[in-house]
Amino acid sequence: MFQDFAYLIVLLPIISFVLTLFFGKKFPANGGILAILTIFTAFIISAGTLSEIYHGGVVEQSWHWFAFLDFGILIDPLAAAMLCMVSFVSFLIQVYSVGYMAHDPAKPRYFAETSLFTAAMLGVVLSDNILQFFMFWELVGLCSYLLIGFWYRKPSAAAAAKKAFLVTRVGDVLFLAGIIVLYLNISDFTVPDGAYLLQFQTMFAAIEHIPPSQLTLITLLFFGGAVGKSGQFPLHVWLPDAMEGPTTVSALIHAATMVTAGVYLVARTFPIFLASPDALIVVAYIGGFTALFAATMGLVMNDIKRVLAYSTVSQLGYMMLALGTGIVVGAEVVGMSLFHLISHAFFKALLFLCAGSVIHGLGLQDLRQMGGALGKMKITGITMLIAALALSGIPPTAGFFSKDAIIEGAYSYWTHTGDILPYAFGIIAALLTSIYIFRLWFMTFTGEPRTDYHAHESPPSMTVPLVILAILALGFGLAAHGAFGGFIEHTYSEHLIEEAAEIGGHHLAEEHPHPPPILFYLPIIVGVIGFVISWLIYSKRIFNMSSIISSRNPIYRLLLNRYYQHQIYTEFVAITIVHRVLSLIGEFIDRRIIDGIIDGISWILIMIGEVIRRIQTGVVQHYAAWVVMGVVALMLFLFHEGGIL
Amino acid sequence: MVPLNYYLLLSGVLFAIGIYGLISQRNGIRILMCLEILLNSANLNLVAFSSYHGNSTGQVFALFSIAIAAAEAAIGFAILIALFRVRDTIDLHNINILRW
Numbered sequence: 001m002f003q004d005f006a007y008l009i010v011l012l013p014i015i016s017f018v019l020t021l022f023f024g025k026k027f028p029a030n031g032g033i034l035a036i037l038t039i040f041t042a043f044i045i046s047a048g049t050l051s052e053i054y055h056g057g058v059v060e061q062s063w064h065w066f067a068f069l070d071f072g073i074l075i076d077p078l079a080a081a082m083l084c085m086v087s088f089v090s091f092l093i094q095v096y097s098v099g100y101m102a103h104d105p106a107k108p109r110y111f112a113e114t115s116l117f118t119a120a121m122l123g124v125v126l127s128d129n130i131l132q133f134f135m136f137w138e139l140v141g142l143c144s145y146l147l148i149g150f151w152y153r154k155p156s157a158a159a160a161a162k163k164a165f166l167v168t169r170v171g172d173v174l175f176l177a178g179i180i181v182l183y184l185n186i187s188d189f190t191v192p193d194g195a196y197l198l199q200f201q202t203m204f205a206a207i208e209h210i211p212p213s214q215l216t217l218i219t220l221l222f223f224g225g226a227v228g229k230s231g232q233f234p235l236h237v238w239l240p241d242a243m244e245g246p247t248t249v250s251a252l253i254h255a256a257t258m259v260t261a262g263v264y265l266v267a268r269t270f271p272i273f274l275a276s277p278d279a280l281i282v283v284a285y286i287g288g289f290t291a292l293f294a295a296t297m298g299l300v301m302n303d304i305k306r307v308l309a310y311s312t313v314s315q316l317g318y319m320m321l322a323l324g325t326g327i328v329v330g331a332e333v334v335g336m337s338l339f340h341l342i343s344h345a346f347f348k349a350l351l352f353l354c355a356g357s358v359i360h361g362l363g364l365q366d367l368r369q370m371g372g373a374l375g376k377m378k379i380t381g382i383t384m385l386i387a388a389l390a391l392s393g394i395p396p397t398a399g400f401f402s403k404d405a406i407i408e409g410a411y412s413y414w415t416h417t418g419d420i421l422p423y424a425f426g427i428i429a430a431l432l433t434s435i436y437i438f439r440l441w442f443m444t445f446t447g448e449p450r451t452d453y454h455a456h457e458s459p460p461s462m463t464v465p466l467v468i469l470a471i472l473a474l475g476f477g478l479a480a481h482g483a484f485g486g487f488i489e490h491t492y493s494e495h496l497i498e499e500a501a502e503i504g505g506h507h508l509a510e511e512h513p514h515p516p517p518i519l520f521y522l523p524i525i526v527g528v529i530g531f532v533i534s535w536l537i538y539s540k541r542i543f544n545m546s547s548i549i550s551s552r553n554p555i556y557r558l559l560l561n562r563y564y565q566h567q568i569y570t571e572f573v574a575i576t577i578v579h580r581v582l583s584l585i586g587e588f589i590d591r592r593i594i595d596g597i598i599d600g601i602s603w604i605l606i607m608i609g610e611v612i613r614r615i616q617t618g619v620v621q622h623y624a625a626w627v628v629m630g631v632v633a634l635m636l637f638l639f640h641e642g643g644i645l
Numbered sequence: 001m002v003p004l005n006y007y008l009l010l011s012g013v014l015f016a017i018g019i020y021g022l023i024s025q026r027n028g029i030r031i032l033m034c035l036e037i038l039l040n041s042a043n044l045n046l047v048a049f050s051s052y053h054g055n056s057t058g059q060v061f062a063l064f065s066i067a068i069a070a071a072e073a074a075i076g077f078a079i080l081i082a083l084f085r086v087r088d089t090i091d092l093h094n095i096n097i098l099r100w
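These protein sequence lines map, in sequence, to chains A and B. The first sequence: position 303 = 303 (the working numbering), numbered continuously. The second sequence: position 52 = 52 (the working numbering), numbered continuously.
Bound-form chain A, shown alone:
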């Protein structure tokens, strides 16, 4: 019953966007109520559809639009799980926004843009073909630009929005190139009746007709898009800057929409990745490296939201790492990755909303100025502690089940290929994750206030979503870890996966050896070690950190300056290479050569005109003479044609 209305999942938030944009001022809560209702309805339909396809089957609806463009909906287990998560987390964030944005004069614009953002993300998830996927993908990018630059009068927000747009654009161009290469390879593939060439099902059926080197090219270009959207190294630089938007927008970007789109893209096209000989290894390495790289920077950030931003980058790295281990583990990794994606969505949305609550209640963002807030903000403090436990993977939270599965997958990869690096990345990043998140928690909520501030707990519209998310962050893993993987596995048929693995030359392991006890418990152990280290340093203060945290310590300086990314990306790449070299060459060609040609032509014409206009003397007799000469010439011509002369 619900699945017949599946198109409403994406349509309702779009309607909300249009109505709120134009008439938002007249609606209750400036459009907030409408946005909440439409997204909640979308969630109800998603959840209903999920329950209907839980025991098998997929929802497919497709309309031909024109030429090479079909619009369609595909809800398989992968999409259904994702839809529920996106709509549910967006719904909670919208509820929270009503309280958080209460004093902002531009509320209608806020609710309109967040509605469109959610709609675009739901559209990405629902798409049944890669072209439609790409359109919604671009719409997500546009909305992120609008929302990061929501306070556009602030120069830093405008700059951050521009940076996010341009950096993700690099990935988008790669993604589009991937689609084009894919199309060129399968364009002469005959399509069964009623299907559409770029539909995912048709694409997967065509895999065996594509040469492996082309497959690798296509998947790496796709992965380039995912790297841009999901903030993987080296295109992660926009994500921490995206903190300039309202905190709710950060929560939306980091948890429900946008950054998960990249992971979803890889999961959605997983059979193609699997069929390529090398692509998944690249995915695993980039993911693992990003997980570690971002976590090291999270250690030293002092802005509460920046710590969380690097944490998101790091966790997305885990999801990519999980997908990368698919060359050994097989289609199971899609479930593993998505499981972490969803549990991450819950606890990361919770972390951001808690951070928003702290910022709202304290009026501060710098961790060094906070301290001792637990007494005043009990709900926020406790829910944030739960989120921190989940992030560091301590049982029985959701993060434990999801992260543990990924690390076990990496272990499997290690035992089958002898390549320890992804596993090592994962474990070290897990340790660092635990340290930085508890550092954040202890610095915010324990000890004595380090500055004068008047803390107050946030209103119920903000704390209720926190509690709901906290329950999910605690219980989701425990409730779902048994059934989830099996459900998601139905997305791709076993036959398809085996065939793809054979094309790619991968041997999927039949059995996954259980790691020895010490390695089995290692994720938990490093999580606890991280907690203890943070507790000793930031709560008990038994070490004097001033010798380490000083500008004389080169490692600290390196991390605090974020590996000099600003210098490398902005000053070297953007200013020196792009601006000083490329754009100046472009300017020279444009101004001197192209403009020169145009100016030259017009100069010649002007000169000809200078000469010819002298004919118009203003003397009537001259004109008469010209007329006579013209008539004579015409007569001579006609006589000649007639053969008389």
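For the record, the hints were derived by calculation from the structure and aren't laboratory data. Errors might be hidden in some of the hints.
Quick partial rundown of chain A residues pointing at chain B, CB under 7 Å, derived from the structure [as the list claims (entries may be wrong)]:
no.	residue
1	GLN616
2	THR617
3	GLY618
4	ALA625
5	VAL627
Computed spacing ranges between beta-carbons, pair by pair [stated by the list, open to error]:
no.	chain 1	residue 1	chain 2	residue 2	range
6	B	PRO3	A	VAL632	37 to 45 Å
7	B	ILE29	A	VAL611	30 to 38 Å
8	A	TYR623	B	ILE29	17 to 25 Å
All C-beta atoms in this analysis are idealised placements derived from N, C-alpha and C, irrespective of residue type, glycine included.
We have chain A; now place chain B onto it with these hints.
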């Protein structure tokens, strides 16, 4: 009966005189007079062919043409008089401000 060719020859001579005057003269009144000669050469043509073919249509056209020539001359002289009042001359070589 005078052959047609003679009429046409006369008409051609008149036309050439008219054109010559139109181009060479500077005085506005003389130009108008040359214009009349041109028109009359055309009228002569019309009448000559009319008589040659025994068809009166040409003569009717000639009458129309004369009437229009009269109107045109009246307008032309009126313009020249107005011009003379403003510029104190009807030498068309001096009346050439509408140019490049």
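Results of checking the hints against the structure:
1. GLN616: holds, 5 Å
2. THR617: holds, 5 Å
3. GLY618: For A/GLY618, the interface hint holds, since the closest Cβ of chain B sits about 3 Å away, which is under 7 Å.
4. ALA625: This hint holds: A/ALA625 lies near chain B, its Cβ roughly 5 Å from the closest one there, short of 7 Å.
5. VAL627: violated, 10 Å
6. B/PRO3 x A/VAL632: 37 to 45 Å: Taking Cβ atoms as reference, B/PRO3 and A/VAL632 lie about 27 Å apart, which means the hint is violated.
7. B/ILE29 x A/VAL611: 30 to 38 Å: Check passed, 35 Å falls within 30 to 38 Å.
8. A/TYR623 x B/ILE29: 17 to 25 Å: Because 19 Å falls inside the window, the suggested range holds.
Against the hints set out earlier in the document, violations occur for numbers 5 and 6.
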